[in-house]
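Trainee: Each chain, letter by letter, is given below.
Protein chains: 4
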Amino acid sequence: MHNNQFKTEAVNRIKIAQGHLEKVHKMLESDEYCPDIILQNRAVQAALKKIDEVVLHGHLHSCVLKDLHGSKNENEKMIGEIVELFKKT
Amino acid sequence: MHNNQFKTEAVNRIKIAQGHLEKVHKMLESDEYCPDIILQNRAVQAALKKIDEVVLHGHLHSCVLKDLHGSKNENEKMIGEIVELFKKT
Amino acid sequence: MHNNQFKTEAVNRIKIAQGHLEKVHKMLESDEYCPDIILQNRAVQAALKKIDEVVLHGHLHSCVLKDLHGSKNENEKMIGEIVELFKKT
Amino acid sequence: MHNNQFKTEAVNRIKIAQGHLEKVHKMLESDEYCPDIILQNRAVQAALKKIDEVVLHGHLHSCVLKDLHGSKNENEKMIGEIVELFKKT
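Residue numbers (my numbering), protein chains in the order written: chain A, 1098 to 1186; chain B, 1098 to 1186; chain C, 1098 to 1186; chain D, 1098 to 1186.
In short, the hints are calculated from the structure, not lab data.
Which copy is meant is left open, because identical chains are indistinguishable; a pair holds if it fits in one copy or across any two.
Computed cross-link-like contacts, DSS-like style, restricted to lysine-lysine with a CA-CA straight-line distance of at most 30 Å:
1. K1120 / K1174
2. K1104 / K1169
3. K1123 / K1174
4. K1112 / K1146
5. K1147 / K1120
Please build the complete structure, drawing on both the sequences and the hints.
Mentor: Here's what the structure looks like:
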């Protein structure tokens, strides 16, 4: 179920990112100002990076957590920390 | 002409990146293994970053080289934009 | 013990990085060519990022692994994957 | 003079970054909590990245603005260097 929740979020985000990437494509085709194109393209990259985090989070929950037998709070905290570190890269 | 060359390269690359992003989308939908999805998504991000470089290269050629004989204010604006792009990486 | 091994590696790496950062400092003071300074400074950043990975690896080993009860191979594989993903960011 | 202004800022920032890196070193030596060490180390990396921006800004001001009236080859070389710096981020 957690898995489903993360999957739904990731799929929604990727559809939005695809729309934004098509926007970059159109900006390129219509010769818009280069720095504007790059900034828009950067936004897509940031959106994809966010999807990485969602997928990693789901992975740690659904695959890794199964093998953990500490208290729920401890496990959640550990996962949160790993994702947080990952996010800052 | 340089501009055209960079534009053609950028457009070709973005079409390929769109295909790869659609692959990530499908991997998500079909519940493939999370780390594989992330690695594929990272490859798309690297491809988009490469497009940034192509667009910047084209920009420096076609806009900056021509306009750096403009007013001091224009020059400052252009330099500020380049630093801004650099900052977001 | 794993902890000690990672700590030793991280400490050694940070001493080397400190030496390289002092080199950047001197390059700045002695007005060396800007792109060379930036490339040297980038190398320091890459070295610090590598230290992050070593520390994360040690953390997953010494803190996280304690709470895992799967087979050793499974746990190692899982940790390797997380670190690998982290590395690519 | 612009150059001096950027140089002063970069040198000040690098001294501060060196102090913060020494803090990371001590955190490692005294076995502080790994995620805290990584977050502190990330802050140093962000500070070094900011220095890159300052140096690039100074470079664009003092070298590029002056030299873009040079030969085509010189211009190409300078543009190539800027794209190269961008690529490494």
